[in-house]
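Sequence order for the protein chains is L, A, E and B. Counting in the working numbering, the first sequence runs from 1 upward without gaps. Counting in the working numbering, the second sequence runs from 1 upward without gaps. Counting in the working numbering, the third sequence runs from 1 upward without gaps. Counting in the working numbering, the fourth sequence runs from 1 upward without gaps.
Treat the hints as calculated values from the structure; they're not laboratory data. Some hints could be false.
Residues from chain A that face chain L, not an exhaustive set, calculated with beta carbons under 10 Å [said to hold, decoys possible]:
no.: 1; residue: D26
no.: 2; residue: R27
no.: 3; residue: L360
no.: 4; residue: F383
Computed list of chain B residues with no C-beta within reach of chain E, every gap over 12 Å [claimed, not checked]:
no.: 5; residue: A37
no.: 6; residue: R79
no.: 7; residue: D85
no.: 8; residue: H103
no.: 9; residue: A139
no.: 10; residue: G197
no.: 11; residue: I199
no.: 12; residue: P289
no.: 13; residue: R314
no.: 14; residue: E320
no.: 15; residue: D352
no.: 16; residue: G374
no.: 17; residue: K382
no.: 18; residue: S385
Ideal placement from N, C-alpha and C gives every residue a C-beta, glycine not left out.
There are 4 protein chains.
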Amino acid sequence: MQQNPAARAPVTSDARRPNSRFDMLDRYRAVRGATEALAAPLSAEDQTIQSMPDASPTKWHRAHTTWFFETFVLTPQRRDYRPFDTRYGYLFNSYYEAVGPRHARPARGILSRPSVDEIARYRAHVDRAMLDVIEAAPAEFLTLIELGLNHEQQHQELLLTDIKHAFWNNPIRPSYRAEAVPVEARAPTMQWLDLPGGIHEIGHRGDAFCFDNEQPVHRVLLRPCRIGDRPTSVGEYLAFMADGGYERPEFWLSDGWAMAQAEQWRAPFYWEPAEDGGWRVHTLGGTRPLAPAEPVSHVSYYEAAAYAQWSGKRLPTEFEYEGARRRHGGGSSPERTVRIHPAPLGGAAPFDQDVWEWTLSSYSPYPGYRAAVGAIGEYNGKFMSSQMVLRGRSCVTPPGHERATYRNFFPPSARWQFSGFRLAEDL
Amino acid sequence: MQQNPAARAPVTSDARRPNSRFDMLDRYRAVRGATEALAAPLSAEDQTIQSMPDASPTKWHRAHTTWFFETFVLTPQRRDYRPFDTRYGYLFNSYYEAVGPRHARPARGILSRPSVDEIARYRAHVDRAMLDVIEAAPAEFLTLIELGLNHEQQHQELLLTDIKHAFWNNPIRPSYRAEAVPVEARAPTMQWLDLPGGIHEIGHRGDAFCFDNEQPVHRVLLRPCRIGDRPTSVGEYLAFMADGGYERPEFWLSDGWAMAQAEQWRAPFYWEPAEDGGWRVHTLGGTRPLAPAEPVSHVSYYEAAAYAQWSGKRLPTEFEYEGARRRHGGGSSPERTVRIHPAPLGGAAPFDQDVWEWTLSSYSPYPGYRAAVGAIGEYNGKFMSSQMVLRGRSCVTPPGHERATYRNFFPPSARWQFSGFRLAEDL
Amino acid sequence: MQQNPAARAPVTSDARRPNSRFDMLDRYRAVRGATEALAAPLSAEDQTIQSMPDASPTKWHRAHTTWFFETFVLTPQRRDYRPFDTRYGYLFNSYYEAVGPRHARPARGILSRPSVDEIARYRAHVDRAMLDVIEAAPAEFLTLIELGLNHEQQHQELLLTDIKHAFWNNPIRPSYRAEAVPVEARAPTMQWLDLPGGIHEIGHRGDAFCFDNEQPVHRVLLRPCRIGDRPTSVGEYLAFMADGGYERPEFWLSDGWAMAQAEQWRAPFYWEPAEDGGWRVHTLGGTRPLAPAEPVSHVSYYEAAAYAQWSGKRLPTEFEYEGARRRHGGGSSPERTVRIHPAPLGGAAPFDQDVWEWTLSSYSPYPGYRAAVGAIGEYNGKFMSSQMVLRGRSCVTPPGHERATYRNFFPPSARWQFSGFRLAEDL
Amino acid sequence: MQQNPAARAPVTSDARRPNSRFDMLDRYRAVRGATEALAAPLSAEDQTIQSMPDASPTKWHRAHTTWFFETFVLTPQRRDYRPFDTRYGYLFNSYYEAVGPRHARPARGILSRPSVDEIARYRAHVDRAMLDVIEAAPAEFLTLIELGLNHEQQHQELLLTDIKHAFWNNPIRPSYRAEAVPVEARAPTMQWLDLPGGIHEIGHRGDAFCFDNEQPVHRVLLRPCRIGDRPTSVGEYLAFMADGGYERPEFWLSDGWAMAQAEQWRAPFYWEPAEDGGWRVHTLGGTRPLAPAEPVSHVSYYEAAAYAQWSGKRLPTEFEYEGARRRHGGGSSPERTVRIHPAPLGGAAPFDQDVWEWTLSSYSPYPGYRAAVGAIGEYNGKFMSSQMVLRGRSCVTPPGHERATYRNFFPPSARWQFSGFRLAEDL
């Protein structure tokens with residue numbers, strides 16, 4: 001979600017759903033604490049920089065998620081709530097037009113003040129008030145709090161993707177933390193999973209939390225097809241490159257080819273030529289050789305589509321993905337922890353992989369979709385143009401945050417997310 | 001078609017389909033002659049200019065459509081064919097990567113040579129050879145010729161939209177030709193047309209000509225809805241504007257609002273403030289007062305979506321449009337002639353209107369779609385990202401060129417086409 | 001003069017000065033006719049195009065010079081004068097803020113109307129009125145008329161430099177007219193001309209016409225130096241290139257190096273690689289091999305300065321140039337005709353060469369300079385920042401238009417003029 | 001100095017010149033310590049940000065000045081010197097092509113690493129080695145060390161101008177430090193100071209330190225004129241604004257007018273509309289009302305020239321400024337301390353003011369100037385195009401750093417320096 005989650009969210013009832021205010025207190029503390037834990041290895045300087053307009057500084061993520069609770073929960077709910085600093089509404093509003101004007105997104109990196117320490121105090125101030133609210137708030141606010149926590153989890157993922165980008169732009173290539181990866185292994189051979197044709201139900205059912213864009217539940221008519229049991233691997237992608245993948249326009253969408261030429265794409269983002277003629281890859285753990293068994297990541301939709309064209313296959317639609325996942329399993333374990341690069345392919349359930357997967361589907365409203373009234377209605381709906389849907393989760397998605405109906409979305413040119421793809425074909 | 005036409009086109013069998021080589025000779029002469037008739041009112045200077053990268057000079061349209069026949073029919077079909085000028089392959093290739101390098105699109109307006117007269121000779125040279133070919137060519141080439149004629153008809157429409165844009169940018173506002181329009185009338189009240197839910201067949205069936213993006217025929221599952229019996233009128237659009245339509249972000253998609261602010265949109269394209277505080281509109285017949293009964297035209301997808309949000313309705317999907325049209329009628333008469341502005345609403349069949357209509361559907365391949373092999377496969381498929389589908393036809397669409405399954409497409413920001421919209425709502 | 005000449009111009013008294021109204025009639029007819037003769041080989045299409053913002057269409061030059069007489073002579077002088085078309089004041093004002101708003105410079109190439117024929121009628125209309133005025137006008141208007149004729153001569157030169165640029169951008173490389181040039185000859189060895197130190201008088205003296213930026217006459221103190229007896233030749237420039245001239249930053253000004261890298265300069269403008277590994281050059285007569293004896297032309301100030309640094313010399317200041325020219329001769333013969341490329345070096349007087357010569361001097365006002373009051377004061381003075389002075393004349397400067405004190409000026413990055421340079425060094 | 005200091009600098013002999021190695025030790029410690037003192041009020045976050053490509057982060061200034069000593073003194077002088085980090089040569093080279101490739105200037109603000117603490121260690125490492133070198137180095141290195149110290153003083157000024165710009169872009173407008181200013185006082189009436197015509201000596205004489213662009217000493221011939229005894233005040237500038245200074249193109253240079261329109265200039269930089277219809281000004285001490293007695297500051301050359309044109313006067317040339325200063329006094333006291341805004345006018349010597357003053361002179365080499373060989377020759381010479389000379393000093397110039405012959409230079413559009421101007425007129 002370059003832009004993101006939303007409203008109308010009924011209270012949740014599944015494993016992730018707090019069964020009581022008591023559970024919610026735990027969950028609030030856990031999610032908020034997870035953000036701080038992710039930021040902890042980063043210095044004040046690291047938390048301040050912004051490496052491109054689409055990325056945000058770490059401390060901005062920490063403050064914006066806090067502003068979300070302050071604006072949508074504390075201020076409406078508690079008459080006696082005193083905002084920590086009234087200027088923060090301008091600084092830390094991301095894109096909510098209904099809330100008022102805001103600091104320009106590309107200029108977030110010049111905000112040396114408030115300091116990192118001040119942001120920590122801001123978080124503590126809001127947390128104290130929130131813990132009080134959770135104990136007393138009406139149920140409708142619990143829904144909003146759950147939304148706020150899911151929103152914060154989305155920013156946890158962005159925090160990592162954004163600092164990865166920032167470190168990439170630093171010639172000395174800092175490392176966020178070390179993590180071993182086997183660079184010799186090969187991915188297991190891809191197998192096809194069948195998806196029968198007919199009417200499939202799509203969308204989130206039940207009262208567990210979901211974003212508004214996952215609803216209403218509706219039915220779609222699909223043709224029979226089959227889908228790969230895992231995303232495309234680095235090793236497979238190297239074969240595409242070796243066959244002229246980046247030099248042959250016949251594989252590419254027109255916009256994609258134009259961008260690849262203009263930006264001189266020669267490989268996935270974060271790859272750089274190695275001295276031996278091969279490639280090395282920048283990771284949150286530093287620069288290292290490629291790992292052929294990893295899913296290829298940090299590719300745009302254009303690259304995914306070009307690979308599919310080259311292979312004689314195609315990408316699955318988001319509906320096919322959802323249908324196949326329902327049939328063949330997936331769903332990450334809540335015990336999973338955030339990793340800094342995708343795990344090697346093989347071993348996990350077919351739809352429980354470590355990269356977001358581009359689908360053939362444009363990001364559009366489901367039949368009958370209506371955004372919530374007011375600012376919170378801006379969460380998802382207003383981004384429904386010129387973006388493609390990604391399904392699944394990635395290695396930096398917080399545990400428990402994903403589900404079968406989850407719709408992530410980015411412009412087709414985006415590459416700084418952990419984005420890969422898998423193949424499909426008609427039967 | 002931001003850019004286009006296409007392949008796999010079987011020979012045609014309906015009213016528009018030449019029944020024989022003899023018919024094809026007539027049709028070839030008619031279409032080619034129509035292009036020349038459209039260009040005839042334009043001076044050599046008029047035919048040379050290019051007012052923006054997305055538009056092309058008149059003489060370029062005349063040459064490019066000729067190059068299409070030369071490249072895809074004459075050269076493969078006739079060993080003894082001598083190209084009129086071997087440099088034209090570079091100058092007049094639009095976007096076919098497989099054919100070779102080409103002149104930069106934004107620089108078409110600096111090609112003072114070849115002259116307008118030279119282009120006329122080029123057309124005559126190719127026409128002579130084509131008439132010979134039609135008499136002798138194998139059937140597969142007749143398919144390509146039919147594609148070439150449909151391609152040329154698309155460029156006839158572009159020729160008019162592009163010269164309209166060029167004249168708009170000239171402060172003395174030249175007129176292409178005069179044409180009366182009633183500026184006092186009001187559009188009849190819009191009525192709703194029902195579309196029952198269930199499985200609908202989508203796509204072009206039969207052996208009449210169609211573009212490859214209209215196939216394969218497939219089935220979609222639709223929910224019951226109803227659709228307006230005509231596009232939104234200028235008069236209705238003025239009410240949206242009077243209610244702050246261009247000042248209230250809550251109606252707009254995020255990308256649309258950003259563009260509207262950056263470009264300072266205050267009204268549809270080609271509207272300019274009148275001295276009396278109202279608006280005047282630039283047309284191919286000069287500048288004149290608004291005609292409230294006309295369909296609103298020259299709006300982007302963003303404006304169409306904002307109007308729909310304001311009205312509490314939505315746009316129809318392309319499938320709903322196709323289904324409703326099949327049910328409620330449409331299809332322009334072959335006797336229709338090209339007009340320079342949309343006819344007032346009322347009187348025509350519900351789906352036989354004078355503006356292209358934005359739909360809620362992104363331009364994507366139909367299930368099972370595969371582009372043709374080779375250059376001709378670039379006609380449509382490679383544009384299937386970041387564009388929205390428009391259905392219907394416009395006042396400048398050549399008679400006989402449209403049909404129920406026709407898919408036009410442009411980026412959501414495009415405004416220089418005769419683009420309007422109609423409303424729909426769920427039942 | 002990217003922008004140009006001006007006012008306060010006293011009536012002239014030298015060979016170029018009309019001695020009487022009768023002479024002025026002749027001169028008016030001659031200058032106006034020369035413009036038409038230069039435009040005659042160009043088609044309506046050629047006269048309409050604009051290949052970059054700094055260049056203007058031929059027909060715009062023809063109209064703007066006419067507008068100059070209409071605005072600054074006919075309208076103030078003749079109460080009964082009826083402008084040919086009142087909209088032309090907007091279309092053909094170049095940069096005179098005091099006269100009112102104007103059409104954007106980069107958009108001159110989209111003005112297909114008024115047509116080339118209409119511009120011819122405009123010129124005839126103004127010429128008829130001007131001939132009447134010349135017979136009756138007070139002396140002060142004769143001064144303005146003389147200014148208008150010098151202004152038109154400047155645009156004659158621009159007309160040729162601009163169409164050269166336009167044809168360069170056309171892949172089929174049209175030719176304006178043929179003209180032979182010896183491509184084997186070598187330039188004679190450069191000799192040094194001494195300029196003694198001390199006080200030199202600078203600026204235009206006498207009552208012949210000059211532009212206001214050539215005055216007041218004033219004195220400058222110069223150090224002894226010596227100056228080349230001719231500009232740098234193509235052959236000499238090739239040695240600079242062979243020695244890594246375009247790859248070695250140590251020769252370059254910082255801005256120049258940045259631009260050379262950004263624009264990938266590898267040779268003077270209009271040079272293109274030949275199949276034999278050498279270079280060919282685009283000229284108004286078509287593309288041909290280099291002529292080593294020609295002065296190098298179409299180089300920026302940055303390239304001139306880099307060459308000088310490489311050679312261990314420097315460029316002369318404009319004062320040194322003027323002093324040396326006074327001492328060593330120059331002054332083109334009035335019988336000279338406009339050529340389309342520079343004559344080979346050798347044979348002409350030292351300061352009577354066929355390229356404008358960059359000097360070390362920024363374009364600044366002479367001590368005591370004050371611009372004229374009103375619009376005509378905008379002719380020269382407002383351009384006195386960020387431009388460098390060029391001295392001399394070029395092969396496309398109209399005969400009789402140049403003089404020892406003439407100050408041409410362009411930004412240091414400009415390359416589309418016939419601009420070369422010569423060396424100097426301190427003694 | 002947009003970028004600068006330089007070479008060929010002989011050892012110094014005046015008050016600022018160390019008389020011995022012992023003096024040099026003191027001076028080195030003093031200058032290096034002054035940098036640290038200026039940075040001390042700034043947090044790690046403050047020291048990391050970059051608010052525009054022309055500005056640099058505080059920590060970059062601290063590191064770059066250190067790299068200068070490491071590269072030009074320690075590495076050539078001491079065989080056993082071990083660079084602190086070999087990657088710093090890439091990160092902290094500003095513009096020395098001869099030294100090798102470097103980090104892109106606009107991307108200095110994404111370097112969160114090395115940290116502020118690491119830069120402090122870098123400075124300490126180099127300082128230890130430098131103190132050893134000073135005790136033992138040959139005299140030629142003392143010259144380079146003196147250059148390095150003057151270079152560091154230039155960056156001390158930039159550090160403050162750059163952080164002022166950064167804080168301006170933060171909506172909460174942080175303050176660097178408080179400093180009182182009288183906002184009611186009026187400047188004393190400006191008086192004229194005569195400068196007789198004739199030959200004046202220009203440039204730095206003697207063996208005290210100067211930059212290479214202040215030499216060779218040479219003579220210029222000046223016309224008699226008179227010069228204001230102080231810069232233009234804020235109060236006077238308000239009268240220009242009240243008379244339509246920013247709305248009337250007749251006062252402006254062409255480039256200046258174009259930029260003022262494009263950037264919507266309405267007042268000097270750092271001024272913002274106050275609620276009472278007047279103006280407030282952003283300073284390093286926070287935002288406060290205007291002080292009419294202050295010299296106007298943060299104006300571009302274009303604004304200075306427009307004011308002069310409006311007033312019927314002109315700016316002085318740099319030679320007139322130098323001549324008048326020699327005649328009428330100036331020279332800041334070494335006891336002066338760095339202030340954060342200009343002192344009110346009146347009281348100081350005529351040429352000892354708190355703003356840099358734009359002159360009418362383009363930045364060009366003095367007759368006979370030749371840059372030093374090697375990297376150090378890039379210090380000044382390569383910037384001699386498209387920039388204007390400023391003379392004097394500003395409130396943030398380190399004490400003892402300025403002198404009568406000092407030539408500062410910036411592009412005419414620059415506004416983020418403490419730049420004002422004074423008037424002159426011919427006699």
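How the hints compare with the structure:
no.	hint	result
1	D26	35 Å, violated
2	R27	30 Å, violated
3	L360	7 Å, holds
4	F383	5 Å, holds
5	A37	31 Å, holds
6	R79	26 Å, holds
7	D85	25 Å, holds
8	H103	15 Å, holds
9	A139	27 Å, holds
10	G197	10 Å, violated
11	I199	6 Å, violated
12	P289	33 Å, holds
13	R314	8 Å, violated
14	E320	10 Å, violated
15	D352	27 Å, holds
16	G374	9 Å, violated
17	K382	4 Å, violated
18	S385	5 Å, violated
Checked against the numbered hints above, the structure violates hints 1, 2, 10, 11, 13, 14, 16, 17, 18; every other hint is satisfied.
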